[in-house]
Amino acid sequence: MSVTVEWKGLAKSYGAHSALTHVNGTIAGNKIIGLLGRNGSGKTTLLALIKGLLRPTSGQLLINGQAPFENRALAREICFVRDSRMTYGSFKVREALKLASASWPNWDHGYALHLAERFSLPLEKKVQSLSLGMESSLNAIIGLASRAPLTLMDETYNGMDAPSRYLFYEELLEDYMRSPRMLVLSTHLIEEVGRLFEEVVLVDQGTIVLHETTEQLLMMTYVVIGTAPDVERFTDSLQVLHTQVLGNMKSAVVFGELSKEQERLADLYHLDIQPVPLQDIIVHLTSRKEVPSS
Amino acid sequence: MMTKPISPVVLTWQILARSTWLTFTLFWGVSGILTVLLLAVDSPGIRSSYWEQVFEALNIYAFVVGVRVTYGHLTILMNHGVTRKQMALATLLFALVFTLANGIMMGIGFALEHAAYSSNAWQEAFAQPHLFKTAVDFPAIVAEGLILSASTFLGGHFIATTFYRFGKIIGMFSIGLYLLISFSLEVRSYSNAIVTFTSDLTRKSDFTAAEFFLWNGGGIALLALLIQYMLQTTEIKAKTR
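Residue numbers (my numbering), protein chains in the order written: chain A, 1 to 294; chain B, 1 to 241.
Keep in mind the hints are simulated off the structure, nothing from the lab.
It cannot be assumed that every hint is accurate.
Here are the simulated DSS-like cross-link-like pairs (lysine-lysine), alpha carbons at most 25 Å apart as the crow flies [said to hold, decoys possible]:
1) B/Lys133 with A/Lys98
2) B/Lys85 with B/Lys168
3) B/Lys133 with B/Lys4
4) A/Lys92 with A/Lys126
5) A/Lys98 with B/Lys168
6) B/Lys168 with A/Lys92
7) A/Lys125 with A/Lys98
All chains should be modelled from the sequences, with the hints used to inform the complete structure.
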C-alpha cells in the first residue's frame with residue numbers, strides 16, 4: 001500500500017492559540033521523510049492530525065483521499081509513536097509488545113523480540129519504570145515492527161544513548177529496505193539522522209515553509225567564503241540566509257541554485273564555495289524572519 | 001513471526017478487563033473478609049445486614065472504575081488503531097459484564113450471610129429499602145447490584161469524559177449534573193430525601209420495582225448517550241512526562 005498525504009489549507013487552533021495555519025502540500029510514496037522545525041513550530045500537531053488524534057479546525061487533511069479522524073479503515077494503517085509517555089498503566093514491556101501485535105495487521109513479533117534483544121530491553125519490566133531512553137527504545141521497536149504503511153515517529157529517540165540511536169538508524173534503514181513504506185521522522189538530531197531522509201518537510205511558525213528532496217535542498221544551499229567586499233559583490237542579488245565576519249574575511253550562506261555564471265564569478269573573485277550541512281540549512285532557514293519559498 | 005490482529009472492540013474489552021480484574025478481586029475479597037470479621041466479633045441478636053453496607057462501597061468502587069476508563073485507556077487505545085466509536089462500544093460491553101459481575105457478587109454475599117444468620121438463629125434486617133425483601137431473593141439482588149453499579153460506573157465515566165472532552169470548567173458542571181441525576185434516580189437517596197424533607201421516618205421507598213427500573217434505566221441511557229457523543233468527538237491529548 002502506497003500512501004499519499006495531502007494538506008489543503010489545513011489549520012489547527014487550540015482556543016485562541018493557532019498551532020497550524022495555511023498548511024498546503026502533498027507527500028507521497030514509500031520513502032523516509034524528515035519533518036523538521038523548531039520547538040513549538042507545529043510538528044507534533046501535524047503528526048497528531050495525520051494519525052487522526054486531532055480534528056482540523058479548518059481545511060482538509062486527506063490520506064489516500066480519506067480524512068483520518070475516526071476513520072476505521074485508516075486507524076490500523078497509521079502507526080504514531082511519540083516521545084510522550086503513552087499510558088501503559090501496569091503493562092510490562094512484553095505485554096506492550098503483545099498489545100502491539102494484537103493491533104497492527106503487519107506486525108512482526110519475531111522482529112520485535114529481536115529488536116528488544118538488540119536494544120537490551122528488559123521484557124519483564126513495567127513500562128512505567130523504564131528510563132526515558134529505554135521507553136524510547138520500546139517506542140522505536142513498536143514503530144519499526146508495526147510495519148504500518150504510514151509510520152510516524154515523533155522524536156522517538158529522545159533520551160536514547162548514542163549507541164542505541166545508531167542502532168536504531170541502522171535498523172530503520174535495513175527494515176525500510178526490506179519493507180518499503182512511508183516513514184515520517186520528526187527530529188532535532190538532524191546531523192545524525194539527516195542522511196536517511198529522502199525528503200525534508202520544514203515546518204516553521206505553524207506552516208510548511210519548505211518541502212524538497214534532501215539532495216535538492218543540499219544542492220540549492222551553499223556557503224561562499226572570501227574577502228568581505230568580494231563576498232558582498234557576489235551575493236548582492238542573491239538570497240543570503242546567514243553571514244559571518246571574521247576580520248577581513250566573510251562567509252555567506254546562500255539559498256538558491258548555483259548557476260554556471262555564478263561559478264565563473266566565484267572563480268574570478270577567488271571565492272571558496274562549500275556545501276552546507278543539512279542541520280545548518282535548517283537552522284538558517286528557521287532563524288530567519290522570512291523564509292524563501294522553494 | 002507474523003501475528004494476527006484482533007478486533008479493536010475485543011482488544012479494548014480485553015484491556016479494560018485486564019486493568020480491572022485486580023481491583024475487582026481486591027474489592028470483593030476485602031468486602032467479604034470485613035463482613036466475616038464483623039459477624040465473628042459481633043454479639044448475637046437482632047442486627048442489620050453487614051453485607052448490605054457493601055452496596056455503598058460498591059457505588060464508590062464502580063464510580064472510580066468508571067473514572068479510570070477515559071484517562072487510563074483512551075490515549076493508548078487510539079494510538080493502537082482503535083477508533084473512538086469502537087472504544088465507546090467496547091466500554092458499554094465492559095460495563096455490562098462488570099456490573100453484572102457486581103450484581104452476582106452482591107447476591108452471593110447476601111446468600112452466604114443469610115446462611116450464617118440462619119445457622120445461628122439470628123434475625124436479619126435491612127437498614128435501607130431495596131428491590132428485594134429477603135436476602136435469598138437472588139435475581140432481585142443481582143438486578144439492584146447491576147443497576148446501581150451501572151449508574152455509578154457510568155457516572156464516573158461521564159464526569160471523567162466531560163473533563164477530558166471539555167476541560168475543567170464544564171467538567172465541574174458535569175459533577176453537578178451527575179449528582180442531580182443520581183440523586184433523583186438512586187432509590188435510597190430518593191427515599192432518604194423524602195424522609196429528610198417530610199420527616200416521615202416510616203417511609204422507606206417511593207419506587208415500585210417497575211419505576212425503579214424505568215427511572216434508573218432512563219438515567220443510565222442518558223449518561224451512556226452523553227458519553228458516546230463526547231467520546232466520539234473528543235481529541236486525544238498528549239500525555240507527557
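Evaluated hints:
For the suggested pair B/Lys133 and A/Lys98, the alpha carbons sit about 48 Å apart, so the restraint of at most 25 Å is broken. Using a Cα cut-off of 25 Å, the hinted pair B/Lys85 and B/Lys168 holds, with the two alpha carbons roughly 24 Å apart. Under the criterion of a C-alpha separation no larger than 25 Å, the hint pairing B/Lys133 with B/Lys4 is inconsistent with the structure, at around 51 Å. Between the alpha carbons of A/Lys92 and A/Lys126 the distance comes to roughly 4 Å, so the proposed pair stays at or under 25 Å and holds.
At most 25 Å may separate the alpha-carbon atoms for a hinted pair to count; A/Lys98 and B/Lys168 exceed this at roughly 35 Å. Between B/Lys168 and A/Lys92 the alpha-carbon distance is near 32 Å, which puts this suggested pair outside the 25 Å criterion. A distance of roughly 14 Å separates the Cα atoms of A/Lys125 and A/Lys98; the hinted pair therefore holds under the 25 Å criterion.
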